[in-house]
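Trainee: In order, the protein sequences belong to chains A and B.
Note that my numbering numbers the first sequence so that position 81 is 81, with each residue one more than the last.
Note that my numbering numbers the second sequence so that position 41 is 41, with each residue one more than the last.
Quick caveat, the hints were computed from the structure, so don't treat them as lab data.
Source: prediction; values computed, not measured.
Heads up, a few of these hints could be off.
Claimed, not checked - Here are some of the chain B residues that sit facing chain A, going by a computed Cβ distance under 8 Å:
id, residue
1, N51
2, I59
3, V97
4, Y155
Just so you know, even glycine gets a beta-carbon here, dropped at the ideal spot from N, CA and C.
Spelled out, the chains give:
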Amino acid sequence: MASSSTSPCAACKFLRRKCQPECVFAPYFPPDQPQKFANVHKVFGASNVTKLLNELQPHQREDAVNSLAYEADMRLRDPVYGCVGVISLLQHQLRQLQMDLSCAKSELSKYQNLGLSSHGLIAAAHHHHHHQGINILGGGGGVSSRDHHHFHHQLFPVNQQQVIRAFDSGNGYDASGLLAMNMSSSIGQLSGFQPSRAAAGAAADGRRTPVEPS
Amino acid sequence: MASSSSYSNPPCAACKFLRRKCLPGCIFAPYFPPEEPTKFANVHKIFGASNVSKLLNEILPHQREDAVNSLAYEAEARLKDPVYGCVGAISVLQRQVLQLQKELDATNADLMRYTNLVMNTTHRRSFDGHNRVNVGYGGGSGSFDPNSGYAVPYYCPSWSNGPPGENPETGGDD
Numbered sequence: 001m002a003s004s005s006t007s008p009c010a011a012c013k014f015l016r017r018k019c020q021p022e023c024v025f026a027p028y029f030p031p032d033q034p035q036k037f038a039n040v041h042k043v044f045g046a047s048n049v050t051k052l053l054n055e056l057q058p059h060q061r062e063d064a065v066n067s068l069a070y071e072a073d074m075r076l077r078d079p080v081y082g083c084v085g086v087i088s089l090l091q092h093q094l095r096q097l098q099m100d101l102s103c104a105k106s107e108l109s110k111y112q113n114l115g116l117s118s119h120g121l122i123a124a125a126h127h128h129h130h131h132q133g134i135n136i137l138g139g140g141g142g143v144s145s146r147d148h149h150h151f152h153h154q155l156f157p158v159n160q161q162q163v164i165r166a167f168d169s170g171n172g173y174d175a176s177g178l179l180a181m182n183m184s185s186s187i188g189q190l191s192g193f194q195p196s197r198a199a200a201g202a203a204a205d206g207r208r209t210p211v212e213p214s
Numbered sequence: 001m002a003s004s005s006s007y008s009n010p011p012c013a014a015c016k017f018l019r020r021k022c023l024p025g026c027i028f029a030p031y032f033p034p035e036e037p038t039k040f041a042n043v044h045k046i047f048g049a050s051n052v053s054k055l056l057n058e059i060l061p062h063q064r065e066d067a068v069n070s071l072a073y074e075a076e077a078r079l080k081d082p083v084y085g086c087v088g089a090i091s092v093l094q095r096q097v098l099q100l101q102k103e104l105d106a107t108n109a110d111l112m113r114y115t116n117l118v119m120n121t122t123h124r125r126s127f128d129g130h131n132r133v134n135v136g137y138g139g140g141s142g143s144f145d146p147n148s149g150y151a152v153p154y155y156c157p158s159w160s161n162g163p164p165g166e167n168p169e170t171g172g173d174d
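Chain A with its partners taken away, still in its complex shape:
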């Protein structure tokens, strides 16, 4: 009664060997995800993965395997930069967002400094008969500007404090601080790379699609 009801895990299937009950790969490489192990095997090798898993606590192994699978997937998509290209791209995105947010908040503060409010605007519009425009936009957007119009009424948007607080907590967005957890010196070396290749290439080609790694 050789009841081999459990099918071999993806690793043992790939390696063409019998999947033992205590197989270290079995919990993390189910047979319905063959690509996951194939990628990990190609980049890291089965024995390196085994050694790595054996050095971890059992409760850490699932996360370890998933991160290895992600790294392997990235390396196969981008053989030159792998995950480092992803980090580079994200840092670039973060910097861009910080700049955009800074600009947006600067514009917002102009409104806030003017003390604009629905009441103030309407009241001011009624009080002033002159043909005055308002310079809303720094770059001169859709409104033609004539004079700056100072309003005496103030409006504080409900989320103003939240917005300002978020802007001021810039420390949380320091990507370089994150990477200091591993190797700031290596990042210094890596900055000579052409991270723009990964960033610009992905941007230009749009080859990175929002797909979850296997």
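For chain A, the structure is supplied; the task is to place chain B on it using the hints.
Mentor: Then chain B, alone, in the frame of chain A:
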């Protein structure tokens, strides 16, 4: 027999580590100089020499230096954090990007409200048909749409140990 001990080519770090003769065409030699033994040791431990060799052979020569350096980076990250490696940093960065994007969207929404308010007010007084609302806040390139080709595959960990990278060195985010 002429002295065959040529001192012109000391073995590269890889061949030294592997205890083999460093031949003139050694694929590792240009990228693993003997004065950086740890670099190869790390890469070997995580990826293995033969995997690295295969990878280098599959890419163009001018790309190999970058490839080796990125592998070295990943190997070092994995040794420092055996569970998440450099993926931990990716995770945190992705969350920060999402968070900043939300804030940018909220700020833009505020700007839109102001702009609409002003436009609607002045429109009544001085404009006779122009109802264009432009929120081109000065100089910015617009919100950075992660779905416009800049997206990277999102890493969704199971967080069995809590989010990685949340230690004082990372700068924290929450």
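Trainee: Could you check the structure against the hints above and give me the numbers of any it violates, in ascending order?
Mentor: none
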